[in-house]
Each structure stands twice: as C-alpha cells, then as structure tokens.
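Chemist: These are the residues of each chain, in order.
2 protein chains.
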Amino acid sequence: MAGSLMLGCASAIAFLLSSPANAMVGKVDGNPDADAGINREAARRWTLADQLTVPRLWSVAIAVDGKSAAYVTRVADAVSDTTLSRLTLVDLESGSSRELLRAPWIDQLRRIPGSAAWSALIDRGDGVQLYRIEPGGHIAPIVTHPATARFGDVEDRILPGYAHAPLTIGVRAYSWSPDGRRLFFVTLDSVSDERQILIDEKVSDQRGLRRQLGQATASIYLRAPDGKVTLIARRPRSDRTTIASKGDVIWTEKDLRYPVKEVDPGGGERRVTMAWSFAEGRAREVASTRDYVYWQMRGPRGGQLASDGLGDTREIVEVGDDGRRHSYGRFPFSIGHGATFGGLRASDGSQTVVNIRSLDDPRFGIGVIDRRGVRPIWGNGSLTKCDFAPTLAVAACLAEGQSLPPSLVTVDIASGRVRTVASISPEHEKVAPLHVTPRSWTNRYGHKVTGYVVWPRDYEKGQRYPAIVVNHGNDADQRFALQDNQWEYPVQTLAERGYVVLLINEASSQLNADLRAADQAWGLQRTTLPPERMRELLWLTGAASFEDAVSELADEGIIDRERVGIAGYSRGSQLVNVAMTQSNVFRAASSGDGAYLEPVYEPDMPDSYRAVFGGPPFDPKVLPNYLALSPSLRASVACGAILQQVAAPHTGAIDFYKALRKAGVPAQISLFPGEGAASDETHVFHIPSNRMAAMEENIAWFDYWLLGKRDRASPFAERYAEWDEMKAALPDRCR
Amino acid sequence: MAGSLMLGCASAIAFLLSSPANAMVGKVDGNPDADAGINREAARRWTLADQLTVPRLWSVAIAVDGKSAAYVTRVADAVSDTTLSRLTLVDLESGSSRELLRAPWIDQLRRIPGSAAWSALIDRGDGVQLYRIEPGGHIAPIVTHPATARFGDVEDRILPGYAHAPLTIGVRAYSWSPDGRRLFFVTLDSVSDERQILIDEKVSDQRGLRRQLGQATASIYLRAPDGKVTLIARRPRSDRTTIASKGDVIWTEKDLRYPVKEVDPGGGERRVTMAWSFAEGRAREVASTRDYVYWQMRGPRGGQLASDGLGDTREIVEVGDDGRRHSYGRFPFSIGHGATFGGLRASDGSQTVVNIRSLDDPRFGIGVIDRRGVRPIWGNGSLTKCDFAPTLAVAACLAEGQSLPPSLVTVDIASGRVRTVASISPEHEKVAPLHVTPRSWTNRYGHKVTGYVVWPRDYEKGQRYPAIVVNHGNDADQRFALQDNQWEYPVQTLAERGYVVLLINEASSQLNADLRAADQAWGLQRTTLPPERMRELLWLTGAASFEDAVSELADEGIIDRERVGIAGYSRGSQLVNVAMTQSNVFRAASSGDGAYLEPVYEPDMPDSYRAVFGGPPFDPKVLPNYLALSPSLRASVACGAILQQVAAPHTGAIDFYKALRKAGVPAQISLFPGEGAASDETHVFHIPSNRMAAMEENIAWFDYWLLGKRDRASPFAERYAEWDEMKAALPDRCR
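Just so you know, the sequences run in chain order A and B. Per this note's numbering, the first sequence starts with residue 1, numbered consecutively. Per this note's numbering, the second sequence starts with residue 1, numbered consecutively.
One or more hints might be untrue.
No copy is singled out in the list; a pair is fine if it fits within one copy or between any two copies.
Claimed, not checked - The list that follows gives simulated cross-link-like pairs (lysine-lysine, DSSO-like), each with its CA atoms no further than 27 Å apart: (1) Lys727 - Lys246; (2) Lys202 - Lys727; (3) Lys202 - Lys254; (4) Lys621 - Lys658.
These are computed hints drawn from the structure, not numbers from a lab. All values derive from a computational prediction rather than experimental measurement.
Start from the sequences, fold in the hints, and give me the full structure.
Modeler: Below you can see the structure in the form of structure tokens.
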C-alpha cells in the first residue's frame, strides 16, 4: 500500500511535470490533436447547441452488488425550453445504458438498501416527492406530501434557486437506515403570513428585497420497520439546516442522529445534533456547536481529516478529539472539496475514501486513507461525482475533463484501476476535442495562478489571435465545459471562432498566507487587514493576473494586445468590473450577474463592506476606499466596452451601467427574464432560450468590439446601430 | 358689483383682523365654545372611530334646474375593512337626503345634460365602468369594457393608487357634450408584456422598483347622437395624459378637443391638443406645448387668469394671448388651487367663477370674475368641491371647516348668499367641536407661517400642556380633520387626551421671493441656488418654524417644553426627520411614509438630488452637503424617539431606522400591509384597520415617550418592554 501511495503521488507529479506551460505551448507547434487520437476530419466542430446541452452531472448511485449504477444529469431541453433531469441506468459490465425517466427535477438519487431498487426525490407534476424506482423502470411513490413550499427565484420562496426553475416541495430530504428498514424524511409546509403590521427587523429585512420571502415549517419523520410513521420534530423557518436538509443523518444501532439549527432570540446560531432513540421514542441533544462545519470526515484513527498548510507545505492531517494531530505527509492535492462527493468511511473504520483535488492543473480524484497513509486514485480528467458500494471496494463515478466529454467509470479501490463504462453524452463525443493546455502564471504581486489555454481550432504559430480571459474564481479545472465556471461565455465556440480563450483562476488562498488572511477577513467579516491590503489581495491581484497573463501571451507572439476581452460572472464579475476600471488592457468585457463592491449594497451588508472598505461610503475618511475600488465610482477611467448580463435588475449593476453611460463608456445591460412576472432567471441560468441568447449576445459583443465584425444573422444585430453610436462617441481612452 | 367686490374684500380683511393669534388665545380665557352655540354637556367627545369615519369629500354635481344635487364621499367601513364610496342625492330645497349607492369606487359624478339623471364611473364588482343613475336610484350601464388595467399600489399597475384599494379599469374617463347627445369616453386595455430580454433603460427603469409596472393602451371613443361609436384614437402607455384622463375635453359646435401627450424617442414630452371634427370624422392637431399646464382658466377678457406676485403685493391678473396683462387688483387670496374645483366660464364669456384660497387662516371660497372686478364669496369654513348650474347662477358646494363638520350648501352667485342644506356626516355633528384658533408665526429667518392651535377640550389657563406639532406642507386650512393633512395623527383625539396640537404650515413660497426661488429650483431640478441655501430655504426654515412656534407657546405658559412631539407624513416626514436631526426640542416624533433626502435615492432621482445637494454623495466635494442634511447621516445627533410608519418597505426609511438604532436613538419602523402580498397600503392609507392601528400606535408612542404613560389596553402595549429597553439605553442627549 505504501508502494501504491508513492506511485500515486509520483504519477501526479509526473502529470504536473508533463504539462508546464511552455512545453504545452511548444506542442502546439506540431499537431496538438495528435495525442487525442481523434480524426478531426471525421468529427465536427463545437456549436452553440453543444454548449447548451453539456449535461450537468448531478449524482450517481451504485447498486449494492456493484453490477449496475444509476445516475442523474440535468440537460437543457430546447423543445420545452426547460432544463430537464434525466435518470439513466447503466449495466457496469456491458456498459449498456437505459434512460428510465425525464422529469423537471430529480434529486437525492440513492440505492434502497436491501433491494435492487433506487429511490429519489422527483417532481412529476405534483411537486417534489419521494419515489421508488425499480430496475425495470417502474416508478411508485414512497412518500407524498402536499407540495406548498416554493424553492427558486420566485415570490414567496423558502430558499433561492440554484440553476433551476421554481420548485414546489412536498418531501425535502430523506435517508435510509443501512439495513433499509427505517426511513428518515423531511416534509415542508408553507405557512401563509397572516396579514399583519410588521415592525423593525421584519421591515428592515425587506430592504432591497426583490421577492418576498415565504414562510414554512419542516416536519421530520421516521418510518419504523413496521411501517409506522412517527413525527420526530416540527421545525421552524429559522432552522435552515432542516429546511435545506439533504438527508445527511447518521444511523447507529440505537438511534438516528440528525442536525438542526437553533437560533437564539438575539440571532445567535447553534448547530445541534439530536439523537432519536428507537427504544425510547424520543430525541435528546447530543452535541452543539457555534462553528459552521463545512466538511467533516473521520479518518482511520477516529479523528477529523483535513488539509492543512499552504502550497508546498500542504499536508493531510487527522486531528483527534483529544487534539492530537497525525500528519499523513505532504501531497500536491487537497481533500474535502465541495464540488464533488464528500467521502465515506468503512463500517469497520479502517479506511476512509475522500475526494481529492490537485493543486496545479486542478482535477479531482479519490483519496484512499488508511493507517498506512494516503493513496490517490486518478482517472483521465477528473472523477467528480462518485458513489461507493458498502464495502468501499468499488465505486461508480462520473468522469470528465477539459477535453473529455463526461462518462461513467468504475473504480476498483484496491488496484486503483479506473475503467470507462459508458459515455454520458454521445453527442459530445462526436465533437472533435479542442486543444486545451494547462498553464500557470505568477503575477506582479508574486501570486501564482493556474488556468488553461483553450486554443483556436486551427491555431497557427506566428499568427496573433484575439483573446478572451474568462474567470469565475477558482473553478477552472478538469471538468467539461462546466457551466458553473464558464457560464454563458461559450468558451469552446469562441475558440472555434478564432479566439484564444484563457481560463484563469484567481490566486489560491491555499498557496499564500497573505491571500488566506484576506480571504478569512472577508469571509468572517473582520477588519484585520487595512482596506488597501484587502483591495490588493482580493481584487487588484486578480486584475493583475489577467493583465500579466495577457502580457505574457502577447510577448510570446500568440495573442494580439489590441484585441483582448474579459468575461466572468458572479465572483468573476467583480474581477471583470475591477479590471475594467483599473486597467486599460481589455477592449471589451462581459460581466455576469454580479455587483458586489457597489456602494449601494453597503447598508444591506455593512459587516462585509466594513471588512473590505473600512466602513460606509458616507464616512469622509472611508469614501476614498470606495473611490479606489467601487466600479461605478471609477467609470470615468474605464476605456473598454462593458456588457452586463443579469438575472434580475440588480441595483448595483444598474448603477454601474448608468455611471458608464454617463462617462461616455460604451455599456449595455441585458436582463434575462424568468418563467413569468413572478419569477426570475437564476444566477446560474436555467432557461435554455436565455442561455442561448446570452451566448449569442456575448459572441456578438466580443466580435463587434474586439474584431469590428458584424453578423446580420445574429439575434443581436439590431443592436449594432446603437453600438456604432457609442463607438463613435468613445474617446480613445484605452491607448 | 364694484361695491360687492369691495365688500367681499373688506369682509375678508375683517375676518383676518378678527382672528389674530393673540386675540384668539385670549378668547380661550373665557369660554372658547360660547360662540359655537353647542351645549358641550349634550355632545360627546371625539373617538378614534370618529377620526376614521370623517368622510373624504369627493365630488358634487348639481342638477340642471338647481333643485337637487348628488355628491360622492369616501368613508371607511369597519365591517368590510375597506373604504367605500357613497353616492347621496339631496333635495336642495328641503335638505332631505337619500343614499343611492355604496360601492368600492364611484368617480367622475356628473349630471347628464338634457336629462334628470346622473352618470358616474362605478366599480360594482366587474371593474370601473360607466353607469347612468336615475334620480329614483336605478342604475344601468352606459359603457362596459372588459376591465384589465390595474390602478393602485399593486403588481402590474398602470398608475399608482391614491388612498384607494387596487382598482381594475374598464372605462377610464368620459365627458358629455353640452347638449348631452354626444359622449366622449376612454377605455383601457392592459397589455401583457411578452417574455423578453430587456436592455438598457428598460432595465435601469426597474432600479428600486417594488412593484412591476404594467402596460396598457388607451382607446378614445366618441358616441354620436345616432348611437354610433367611433374609435378616435388608440394611444400608447407613454401618453399619460390619456391614461390618467378625467375627461377634461372641450366641446365646440364643430369639434371635440382632447389633450394627448406625445413622447419623442429622446424622451421629450409635448402636450398636444387634438380636434376631432364631427363633419370630417377625423382628428387634427390644433395646439402643442412643452410646458406643463397646472391650471388654466380664461377670464372675461379672453385671457388666462392667474395669481401673481408675492404676499402683500399679490394680485389677480388676466394675461391675453397677445401678452397684455390686466390686473384686477390685490387680494388676500389666490386663485387656481388644485385641492378644490377648478373654475367655470359662462357660455357668453362674461363671467368666470374660480376657486379662491385666503392667505391667512387659509380657507376656500368662490371668486366671481367679470370685467368689473373680482368678487369673493365665502361661507362658514371653506367651500371646497363646487358644481355650478349651466347659467352659473347657483352652485352646490361641499362646505367644511376646522371645527365644522361637512355639509352640503347652495351658493347664490349673484347675492353671494350661502345656505346650508344638509349635513354630510350627522355622526360628526354629535361631537362637540374642539376649539381651534388660527395663528401665524414668524421664524428666525423672517419667514411667516400660518397654522392652527387645536386646544385640549378642558384647557385651563396657567397649566402647561404637552404639545404635538403636525405638518404636511401647506394644507393645514379650514377643512375638517382632513386625512390629507393630518394623516393618521389623530389630532382631535390627541386634543381630547390633553395635548395642545399645533397644525403648522410651511412658510409659503407665495409670500417670499427667496422661498419661491428655492421651490422653483427644486421643482425644475435646477442648480440655481447653492446647496446651503436650498437646505435653509426648503428644510431648515421649516424645522425652525416648528421650534420657534413651540418656543412662543412655551413662553406664553401654554405648553411644556419638555413634552413636545412632532408628526408629519410625506413632505411632513422630511421636515420631521430634519427637525429631529437638527434640533433637540422634540422628545418624540412620528414620521409617515417618506424618506426623500436619504442618499440611497440619489441614483433614482439624480437631477432632483443635484438641485438639493449639488451632486451625488460619493463626490467628496458634495458629501458634506449630505452630511449636513440627510437624516440617516445625522442620526448620531438625534435625541428624541422616532417612529416611522410606512406603507411599503422604503429603503430610505429603513436606512434612517437602522442608523438611529445604531446610534442608540430610540426608533421603530412599522410597515402597514396591503390587501395581500401583491399589493401595498397606499401613501395616504385606505385600509381602515391600518388607519385605526396607525392612530393607536401614534397615541401609544407619544403617550409613552412624552408623558411616560402606558395603556395596557393599547394594541401596542406589547411594545412597552422594548421601548423601556431603548429608553434605558438612551443617553439623555436632548438636554
């Protein structure tokens, strides 16, 4: 096992060494597709339809015997103009697949212990309910509860939506006991507010609220082996742990342990673990903490596993309840990343499997931890969603990479062998992969960033190409055209159209103590660093990374300095807006659905803004910090054309738009509608027609402002006249 | 007639002289009720139910023969918890009254020329439609149109509401030709927005919007004598003149002249008068202006009538189309006040009747203007809504005063005789009138303000009383417990409870050139005055008026300086918020539904804020002007307890609340709900239960903070514990 560990570690390092930036750029000289084994002539190019239909890999569940697996993907459906969930069953030996169900929503797919059937939360038209799915495809309800509580960017929502249409919830979460004989489940009931006078916090909570918040109660039930259902607890709206439950409970022989959140009258929150005794038929509190627990997994020594340290000194440790720390050594990967599966511990405690993420060319794998050490398992690209058979001997995973369309794979844990079973999206297999090379850069602050160069299909050395930087924080990694990362910036299509696309991550706070200090001050809303340091470490270094990366590639003769754009949503939109108001490198930008840093939001999040700026903007001592960073207050120094695409009419984005227009900077703001007047598009778009339009708009915008190109067939062609006017009025400030 | 004119003028002056402040205060020494002719023992005191059920006088229409009149009032109905419209018919000779109809909405009551019947827009459950009302009470539809366009503080509204529940409109406006044979009417149709991507202004227009704006088209029809209905024009949403039409058209022998608004692509607006030729069956443009016309009435010389000049130099003039100016002389009243009727011109042009408003102890009357001069007609209190028989020989008016419950009166125009016909609210006749004395004050800036002292029922000289100042701009005048003025501050009940209530107007810009210049700069959004002058002339002088009035009455031994509160809504809330953050005179305040001056609104109304502050708050040169005036930025200098009652969760009001709480100043914000989640209470409240609760809350608030009184029966008694905490934590900053 120690050998395996060393091997795993060595291969990871080898992988890293095989792909330094220059080596890969060098490769392009020859035939960048040679090693992909694909006949480009026979395969087709990326289209926007391909961008739209990249499946979102949602979950996978392996059968107890390891012979089959079911998985859920979410895929845009152009006909219904909705994003549909698809449930597919795969024979892991033959690789034959069968789609069992398409529905507006499928979630929490699990095997039912003690049976060959599956269970899942499904919306079949009467809200989200719990169903049993037979291997043959028959679907029958297990728990049905009147669906009244709404989730999504909709009026009276209980929780906001994440890339989904408004949902109505009957059953919120569930869990089977390991023997499959007991069932834990949570139902929600919306509570109509009585018409009443609201006072103080109930009024101020509505400041700037676009949609009314709904009220709901959660009911926690246990179904016993004899079929009797007991109400364990009724929980209030303030218990967001239960409202947002995914069924994360712990089954022991004697009791069921479930987490709840208790909120003091003063607003203090505690995470409480309750234990429901099967024998006594009542619950008691067994643990309570005020800390927010992000990821928790016990290791073979019974302690908590964690990644620790910075960069090259990064190690994997296990900390016992007595505080004793065991180090497994240093590894070029971290554990506990939220984007994939969490982890699982063998029933005898001897082994824990966790997800791991490499630091350079970030990809995901499986870490096998036992008393002897940590052994990584990597596949091609990344192993993202994984589910393990109860013995932990075998896993079914969804695998994907920057140039690797998603597939279902099996992983033999003992040997580390990864075997591809079936393609998840055959249509994407028909697209000739683009050449994508990992690369890293160190910016003027000495901060190292990772990322990828997505090369134009027919890249020719010596020719200079237009370029677009795309950023969304830190999730440019070995996943396939990931919407979370590239949003509605059609990276692959842009490369087909002749752009060099640079997917650039932010400098990671895992690598640098200063960055980590700034990250923590921001996250914990503390004023431990002065505003000028916060500005530098959280925003200016990001803008500098993009500038310096552009400069390097221009120096190498790859890109044309005069035709460089930038795009990013959410966290990326902050960096785009800052870059556009601090730098004159970028001639055009697309900024997606974000406006943090705008002064208008200070009263809504005073603690967060105090951590960043030192206080409110109306304090004359603090105002200079806003003038130095808030994009709308720096509109007059912007020089490139700035498009904002938003899912709702955010005041901060509107303020930035108006300030840009007032300053004579070409600017547009486009609002993509929800299903109707009472709902909005979500932050990560879920309405296919919006997604397609946003991609078209980005292409039209960059083609126009970077290349001077017009496409009369573009749905945005009617905008050219106004863009012409803005262009004519623009003082040539970028030079 | 010249004699009458002189007499009228002289009696107005005599009236003024008979009621200087000191004389009236002196009167209180004796028996202030002696002149009211009311036996206090036999009459009862004011209750909150009386406050609630003061009728709003809506409109009156006199029959062609002058023998009867119909009128509409709007009165709170506790049972249905709605404000209902009531239509009453009165025999003008006998005074006998009969209620013909109660409905959610009755508007535009008019006599039908050539018949004894009336017409009105009525909502009988299928939206607002045009009906015919026979003198016997039978009601039949004239025009019914599918009601789809919503008016009110509700989602998808076409226009906001003014003190009414959401309405759905079929017929928007109408007008009869003088012979009653032709009918002009406007219908509305809501237009569902197609689901579409919005760009630029259509996005920025939604900044800070609580309710989505609906779309509608207006259709203008003419019904000919033969009954044939012709569509004259279909008008877009941007034609707010037609959308908001009240049927103000001009009928000539040959054509119908109706106003529309034309909006250029650049946003420029023109008011266009169209003439529809009966013979040709088509319309042409006959006039166009970019000016906003507030009030327009031609005089006996064919020119436009107007009030001109300032204060003592105030005169009534008529300006011909050739620019020649005829002065009728100086009068202690103005013409063209929007709160009452507009005016009417005799068909031969020899005489025009207009509404007039006296400058001191402001009350309303009728001005009769012919070539010989201007003759005022006054009644007891005010003549507010008036309608005239076609010959202008006789009018039916609604009359009321500070101590005079509303009644229907007739006015003989030739003799000027005013005769009371019938009480409009018999229940209020049973309440012993409170003693109310007009008074004026000149503040430290030399600005004169008018107002009223409402005395405690059992006022005893030598004893000092707690006092509350109530302001809403300039509408403290001779009307009866007017909701528009005193909102949900139950002035009369507060006087019953032992408070001296001071109804104080702002300094009138009709009296002072500086004030007028500031008013105009603000209204026209121009930076003609520096911010410090705007601050002084538009807000600080108001606060100073209140302070100085309090000081005078304290010096006179009437009120107790340590127990003075202040209340005001809308414009009044601005002055309350400024007073509370500039002065330490007021120990408690109630501020109603307003937050202009808060920096958060600058981006929504940059021109208005530039006129006041000189620019946005993020300009370091401008920020000091906000720090000198914006209430939330001055919270730390406030000392009294501040309640804000709001009809919607206005961000500015929330910012002020939060700033006060942060500064340790006792503060509460209370939000009064609409009919449901999709609608709001209106700026002037219309839901009786809200009105009652807001009045109860004001009483509880002032009793607690000014008098230290608790009433366990108050619906707000549960708040005392928190108020106790705030009081205990308050540094005694007012001293």
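Chemist: A separate judgement is required for each hint: does it hold in the structure or not?
Modeler: Evaluated hints:
For the homomeric pair Lys727 and Lys246, neither the shortest alpha-carbon distance inside one copy (51 Å) nor that between copies (45 Å) is at most 27 Å. For the homomeric pair Lys202 and Lys727, the shortest alpha-carbon distance between copies (21 Å) is at most 27 Å, but the shortest distance inside one copy (47 Å) is not. Proximity of Lys202 and Lys254 under a CA criterion of 27 Å is satisfied in neither setting, with 42 Å inside one chain copy and 61 Å between copies. When the C-alpha separation of Lys621 and Lys658 is checked against a cutoff of 27 Å, the pair qualifies both within a copy, at 26 Å, and between copies, at 21 Å.
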